[in-house]
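A.B. asks: Sequence:
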Amino acid sequence: MAGVRRRDRHGRGVRGPLTPPQAPVSRTRAERFDDLVDDEARRLGERWERELARVRFGVEAVPPVEPGFAGPVPLARTVHPSPPERSVRIVVYRRPVEARAKGEAELSRMIRDLLVEEVADLLGLSPESVDPSYDSPDE
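All residue numbers in the sequence shown are consecutive under this note's numbering, ending with 1635.
These are computed hints drawn from the structure, not numbers from a lab. It is possible that part of the hints are untrue.
In silico EDC-like pairs for lysine to aspartate or glutamate, Cα to Cα no more than 20 Å straight-line [what the hints assert, rightly or not]:
{"hint": "1", "residue 1": "K1598", "residue 2": "D1609"}
{"hint": "2", "residue 1": "K1598", "residue 2": "E1527"}
{"hint": "3", "residue 1": "K1598", "residue 2": "E1562"}
{"hint": "4", "residue 1": "K1598", "residue 2": "D1530"}
{"hint": "5", "residue 1": "K1598", "residue 2": "D1531"}
Fair warning: this is a prediction, and the values are worked out from it, not measured in the lab.
Model the full assembly from the supplied sequences, consistent with the hints where possible.
C.D. replies: The following block contains the structure:
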């Protein structure tokens, strides 16, 4: 019986995907997260093009932590270059951010705020001056 293809109970054969691969609904959660980070990085890059010319934005699943680490899990960080690399990297950690967000809208807002905070820290500015739509965590 090995290698025999079975048909579904209505005799129509094996079903294919319900949506085409290019449709947004068929993207994985990680791909959608990457898209949110890319969109926000592009938006910030349009406003701060010259200042962010040597900044690369990226996503990693989880932050690197030492065994026995007891502090709060970082959601994002800025990685300064070591020679010969010349680009600063701003990294958002997908799994911790997804764990804290309570839906797509909050996830999008968290990514925006994290990137604004990292860019503000990098440029030595307040988050509100980097992006007036920034939601202060104190409010």
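A.B. asks: Taking each numbered hint in turn, which are not upheld by the structure, reported in ascending numerical order?
C.D. replies: 3
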